[in-house]
Amino acid sequence: MTKRQLGLAFMALSVLAALGSFANDLLGAGDFQGVGPTQRLALLAAGVVFLVGVSLLPLGDKPA
Amino acid sequence: MSDEFAALREGEGETAVSFPTKLAIYAPRILIGLALAAFVGYFIIYAVYAYRLFQFPFDYDQGEGFELMDTLLFSQGEWPYRDNDVYPFYSSNYPPLFHVVIVPLVWLFGPQYWTGRLISFLGTLITAAAIGYAVQREGKRWWLSALAGLAFLASNYVYHVGPLFRQHMFMVMFETLAVVLMTAVIAREEAAGKKLNGRLLLVMLLLLAAGYTKQLAYATVAAVFIFFFIRQPKRAVLWAIPFAAVTGLIFLWIDWSTNGMWLLNTVTANLNPFIREQAIGLFRQWWTLHTVLTVAALAFAVYQLYFERLSLYTIWFVAALLNSVTAGKWGAGESYFATAIAASCILTGLAFHRVLQWAEKRDGRRPVGWQTAVLTAMGLLFLIQANKMFHMPTDVPAFRAIAAALGKPTEVWIAPQTSCSAPRDPERIPYVDSAGVSLLGRPPTAADTAAGIQIAEFVAEGQTAAFSEDAGFNFYVGRDIVTNPTQLLNLYNNNQVDLTDMLAMINSQAFDSVILRAQFYPPPVLDAIGQQYETVDLVQMNGFVYCLMRPR
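For the record, the sequence lines run as chains A and B. Add 4 to the 1-based position in the first sequence for the working numbering, that's all there is to it. Add 1209 to the 1-based position in the second sequence for the working numbering, that's all there is to it.
Derived by calculation from the structure, the hints in this document are not laboratory data. Heads up, some of the hints might be wrong.
As the list claims (entries may be wrong) - Once the Cα atoms are required to be at most 30 Å apart in a straight line, the calculated DSS-like pairs of lysine-lysine come out as:
#  : chain 1 : residue 1 : chain 2 : residue 2
1  : B       : 1349      : A       : 66
2  : B       : 1570      : B       : 1349
3  : A       : 66        : B       : 1404
4  : B       : 1404      : B       : 1349
5  : B       : 1403      : A       : 66
6  : B       : 1443      : B       : 1403
7  : B       : 1349      : B       : 1403
8  : B       : 1231      : B       : 1570
9  : B       : 1570      : A       : 66
10 : B       : 1404      : B       : 1443
11 : B       : 1617      : B       : 1597
12 : A       : 66        : B       : 1443
13 : B       : 1597      : B       : 1538
14 : B       : 1597      : B       : 1349
15 : B       : 1231      : B       : 1403
Input sequences plus hints: build the corresponding full structure.
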């Protein structure tokens, strides 16, 4: 696996995590209207992981 | 002697060495020596605490007696995954391996608390040795390897729970052995260009052992397979399939053997509420206590992410850190950070080794230079870490003198915890811990043992087993162990237990005594106890007030 592939994997995982945190709302879980505090933390973490993924893309074919 | 110290020693031979140069030569040695002394000191403290726990014949931590009960059932050839709806309303919520390992000791010595405490303690020593080995394999510096291994044992969390009859640290041992072996196997395979499937099988068995010691090992299993997939995707998948199959088959076999009680008690009953504030508080405490180890590990992880291949240790550290969020679950706690701490000790050792390697290249054979600066910084950093982890029982005169000499408090004032009596005034506790007020870590005293015997005698005055939140008193007088309050509460909260029979027994005053410590029972059980029993005596043990109750 290369650093670029690892970066893409990070980006995909972060998008899935962000969608997952909203899926929670669709299932009716959670005590808050809109975006709750735990959801906000999850989205923040997903955002950080996404940016880390983006930063790995320029490293190209170096082994991960 | 390591290269860097040899280089410094050569500097001593030179004539007319100035004082600053001499200081630069000796300062790193002194600081590293002091750091070693500090961490060896923590090891002695740990051994003293463990030895005193081995001698204590009652529950020190509330769940210990139930793990002893699990072991006793295994020693009798029975599963501990049972129906909580019928007398004695008991079931385990943990996988079997830790208890099975202790069975021979129970056969030889009976159901004694020291058996599991000894095995757990030995497990932490093996973990520390594995950490040291992991650092030594790459670093070849005995003092750095020793510091990395000892730092794990010096962690407040490892100290608190390492010598308890709890399975958590035994899981960490299997996890660490699996990760260190996996790293060595893949490194050797890549160097030799041939596959070492036999050793890889051993890694899988260690992971299986970790998972069947405690469920929390799933994060380490995931880390190993992520690493394997990054290095060899196809082979990782080929190994993951039989690993998952064997894990699943064992799971199904136990569930079939226990008529579904395994799934109910180890999975369903563990779906506890997440307490966000508890998780945040524990993360803050972990960070404060382990700052140097964590910063070094994080720095090395970021370095590997961008500048070289990711090691398994880095992936393990990140996975364990993420999994530490589960410390916020009701019933979880500080021990959930132990895996992340083990990984951070290895990464710290490896990071320091890399910095030293870099300094060596920069310096060549110069006696004083980057190596001196790096070694001095390392010595200081380990000493800062040692200071952050400070913990010491001060009822030992030598320890008390050391604490005083270091400018630390020699005692703290803590009010006994009580759930069933009027609050009590704070008392002098000869134990100091930078983790703050801790109910774990203070060695039990002769007064605690006497208090335990007093409660056991109270139980013995009746004809039946006590309905007790601690198992130890019934064990001491040879009576049945009746239910596990936290497990019962978990099942009740998940709507998975029928309390009809239990409530009928309590309402008919079928138990001659009730012992409460924290009132962990489900509300209907506490209501029934309150209506049918009354407190006749209060006994304090290990900082808890126990309420001794008789039928009204």
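Evaluated hints:
At roughly 28 Å between alpha-carbon atoms, residue 1349 of chain B and residue 66 of chain A fall within 30 Å of each other, so this suggested pair holds. The suggested pairing of residue 1570 of chain B with residue 1349 of chain B holds, with an alpha-carbon distance near 16 Å, which does not exceed 30 Å. Only pairs whose Cα atoms come within 30 Å are accepted, and residue 66 of chain A paired with residue 1404 of chain B is accepted, the gap being roughly 23 Å. For the suggested pair residue 1404 of chain B and residue 1349 of chain B, the alpha carbons sit about 26 Å apart, so the restraint of at most 30 Å is met.
Straight-line distance between C-alpha atoms of residue 1403 of chain B and residue 66 of chain A comes to about 23 Å, which keeps the hinted pair within the 30 Å bound. Proposed proximity of residue 1443 of chain B and residue 1403 of chain B is supported: the alpha carbons are some 16 Å apart, at most 30 Å. A distance of roughly 25 Å separates the Cα atoms of residue 1349 of chain B and residue 1403 of chain B; the hinted pair therefore holds under the 30 Å criterion. About 22 Å separates the Cα atoms of residue 1231 of chain B and residue 1570 of chain B, which keeps this hinted pair within 30 Å; it holds.
In summary, the hint linking residue 1570 of chain B to residue 66 of chain A is supported, as the alpha carbons are separated by about 25 Å, within the 30 Å threshold. As the CA atoms of residue 1404 of chain B and residue 1443 of chain B are separated by approximately 14 Å, the hinted pair is consistent with the 30 Å bound. Proposed proximity of residue 1617 of chain B and residue 1597 of chain B is supported: the alpha carbons are some 12 Å apart, at most 30 Å. Proximity of residue 66 of chain A to residue 1443 of chain B is assessed by CA-CA distance (about 19 Å); at most 30 Å being required, the pair is judged to hold.
Annotation: proposed proximity of residue 1597 of chain B to residue 1538 of chain B holds, straight-line Cα distance about 26 Å (limit 30 Å). A distance of roughly 27 Å separates the Cα atoms of residue 1597 of chain B and residue 1349 of chain B; the hinted pair therefore holds under the 30 Å criterion. Only pairs whose Cα atoms come within 30 Å are accepted, and residue 1231 of chain B paired with residue 1403 of chain B is rejected, the gap being roughly 50 Å.
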